[in-house]
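These protein sequence lines map, in sequence, to chains A and B.
The first sequence lines up with residues 1 to 215 when you count with my numbering.
The second sequence lines up with residues 216 to 420 when you count with my numbering.
If you are wondering where the hints come from, they were derived from the structure by calculation, not from laboratory data.
All values derive from a computational prediction rather than experimental measurement.
Just so you know, not all the hints are guaranteed correct.
As the list claims (entries may be wrong) - Per label pair, the in silico range of CB-to-CB distance: (1) B/R416 / A/V124: 37 to 45 Å; (2) B/L250 / A/V124: 54 to 62 Å; (3) B/S297 / A/L198: 21 to 29 Å; (4) B/T255 / A/A66: 45 to 53 Å; (5) A/P12 / B/S357: 54 to 62 Å; (6) B/A234 / A/V30: 57 to 65 Å; (7) A/V124 / B/R231: 17 to 25 Å; (8) A/L25 / B/R366: 56 to 64 Å; (9) A/W68 / B/S283: 56 to 64 Å; (10) A/V162 / B/G286: 49 to 57 Å; (11) A/L120 / B/R231: 47 to 55 Å; (12) B/I301 / A/A66: 56 to 64 Å; (13) A/M165 / B/I301: 25 to 33 Å.
To be verified - Far from chain B by the CB rule (all over 12 Å, computed), these chain A residues: (14) L18; (15) Y175; (16) A207.
C-beta: ideal position from N, C-alpha, C; glycine also.
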Amino acid sequence: MTSAMCSTEAKPPLGWRLCGLLAALLVIGVSGWGIHNPLSSMSLYTISLMGLNQAAPALLCASLPAAWWHRLERSPTACGWLLDPWIAGAAFMLASTAIGYPAILDPSIANALFAAPLGLLEFVIGTMLWAQILAARSTGPRPFGICVLAIVAGIPMTIVSVLWMTSPSVLYTPYLDVVCLWNLSPIEDQRLSGFIMLVSGIPLQLAGICKLLFP
Amino acid sequence: MTDQAEQGLPLLLSIRRAAIVCGAMAALLCGYAFLWSPNTFYGSSAGDVRDPALDLTTLYGRPFRLDSLKGHAVLVYFGYASCPEICSTTFLGLGHVLERLGSRKSEIETVFVTLDPVADTPDRLRQYLASFDPPPIGLTGSEVAVANAARNWNISWWRDKDSGLINHTSVVFLLDPRGRLRTRYSYSQLGDAEAVANDIRHVLD
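Extracted from the complex, chain B is given alone in its bound form (with noise of 0.2 Å):
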């Protein structure tokens, strides 16, 4: 055993040297979020959603793939067309930021995949989406097609009992050109059309 370590380590130096790792770990951290992070969007991580895949069918009846919209900008949502607030509020949302967006706008399509495509009839979510200003591609499917969609996508959703409303998780993700996922936003997220705008310019250049 060292003679230092028998007489103990001397309080000012102990002090010291926490200073110097607390220091080390902030600026560690802070170096990290702005140098080395993979996520430098506006938008959340999208977690482990890996292989982004949406092999459904579009209202009209054709098998849609993801791989058709290379070469655009994609915003993909979960929802549904009887719900009461939410899905609504996401896409009006997301009109502000295509707003801001200008003749961009052309270069970005969006994706809308219904959770429930017993209610969502073909018809019914037709007229649902065209009440969007651009309306997106409304997507439907067996209801075991849309729920395997839905888990790749890292959706939770489930039908309360009681009112018969779906409890579901409400984001907006952010596909390149590419096809590759890179962020995606929460309703709450959506408020700043702006910094959500920036995103989406980041990924078309």
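Looking at chain A on its own, in the form it has when it is part of the complex (with noise of 0.2 Å):
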């Protein structure tokens, strides 16, 4: 996963670009209000995280100019920090464990927790590992390097997807209670939210394998 040379000047045309940060936005905001009230849904809430975390992050560093991406290169701190993969892929697998299953955490750190700018942490952390990826660098790890990354990222929040699925008993008290959104069950909630979050790692992967098969 070390940082090398390596050409990913993708050049796609302006309009697309632009729509590309368009739609960006436009997830940013619909996943922002999504996220108010955490405790009405956790399907709805889920699907919002996600949209911070991986939709909006892929279409933000898909679009931008590889200007901009240069520019960021030539800061050594910037480079050496943000763009890091090593940074980027733990900061991504601690934020997959830590959030997604909260339950390891102690119920009132969880509790706490729901109101913190998580959404916020999710963004950041989702374009670190996609600007590994996706972005218009000129430098940047070897495509096999970005297939593990990737993979290797996206492990965590498979494995807490699939404990969502398939556990049978509510992991989230704060959530017993509630009827949610389209009258699910708080299981049926939590298993949607599961598979809302096993589907929404998928191009994060996919993109990993991609980037190995057609450099």
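Fit the two chains together into the complex; they arrive one by one in their own frames, and the hints show the way.
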């Protein structure tokens, strides 16, 4: 996963880039609204977090012009930290586990974290990771490194989603006595949330594999 | 492009940086939870219920306003009298909480809003609520008024066509003596009566 010179100067037409940028902003806006009341529905909360963590970063990274990324790369600090594949991968895996499976935390911590700006954290970390895969950078991991990064970073999210889908009980107690949106029972809501997370994680891993197959 | 970027970042430096970032992130999340989180209660965040109002009528036909309970901690619950289990069990749980508050029990009011105003006539609801100690204040209204109140408090409910029972969000809201909504408890959280009692003492002090 070491950084190396690697030409990823993809140049989609300006119109496409603008559309992608607008779509990213739209996803950010809609997802930002969706996380305003996390306890109303676990599914809606998951869709919103995945929008901020996956969809918006992917659209943003694919849309921003190469010159923007080159400027960021010329900043030694930003290049060293924000664009470091190890940092992006580790932070992504930590966030996926800590936020996606709050049962590992003390309930009061998990409770308090609901009010935290988790959406912002998800967005920043998602963007750092997608920047390794889609950004039009002049430096970055080699295709094999990108593929490994995408697959490995996505593993905790996949595990959490499968856990949500298969657990026989509701893992997060505040959802226990809530009739969620679309009249789902809490366990159905949890399973749907797991499915949403599973599906949301697939493009990341597919993008990594595509990078390897079609560098 | 810098030489460093061209040569690739040393692996150890990257791993060290990743460890620093992860440690900082974990510390920030825990720090937020313990130091800055607006929700310092055992109960869960009350979500986006911003302006709790209960403009309904009492079981004696008088208009009710939450303002009238200012000076008391208020526990609000939405349910219905023919609920087979959850509503009654919730109020039994609240009874255990109130017992732990001893003499401070008099500083607390409990409110029961019916989600089934047609079936829950004032007489029937009075009879149902009398079985709890202390009996909650019962509130009712037109179906539209009750639906609006429930929506404002983020209560979801629907009637099962087969059984006729109402499947509803079963949470108890806690308001402080100034009428501000502070937290909410699910049925399972009420199991820890001492923790809930501590929250109530906190808002009373």
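A quick look at each hint next to the structure:
no.	hint	result
1	B/R416 / A/V124: 37 to 45 Å	holds, 39 Å
2	B/L250 / A/V124: 54 to 62 Å	violated, 21 Å
3	B/S297 / A/L198: 21 to 29 Å	violated, 40 Å
4	B/T255 / A/A66: 45 to 53 Å	holds, 47 Å
5	A/P12 / B/S357: 54 to 62 Å	holds, 57 Å
6	B/A234 / A/V30: 57 to 65 Å	violated, 35 Å
7	A/V124 / B/R231: 17 to 25 Å	holds, 20 Å
8	A/L25 / B/R366: 56 to 64 Å	violated, 30 Å
9	A/W68 / B/S283: 56 to 64 Å	holds, 59 Å
10	A/V162 / B/G286: 49 to 57 Å	holds, 51 Å
11	A/L120 / B/R231: 47 to 55 Å	violated, 25 Å
12	B/I301 / A/A66: 56 to 64 Å	holds, 58 Å
13	A/M165 / B/I301: 25 to 33 Å	holds, 26 Å
14	L18	holds, 28 Å
15	Y175	violated, 8 Å
16	A207	holds, 21 Å
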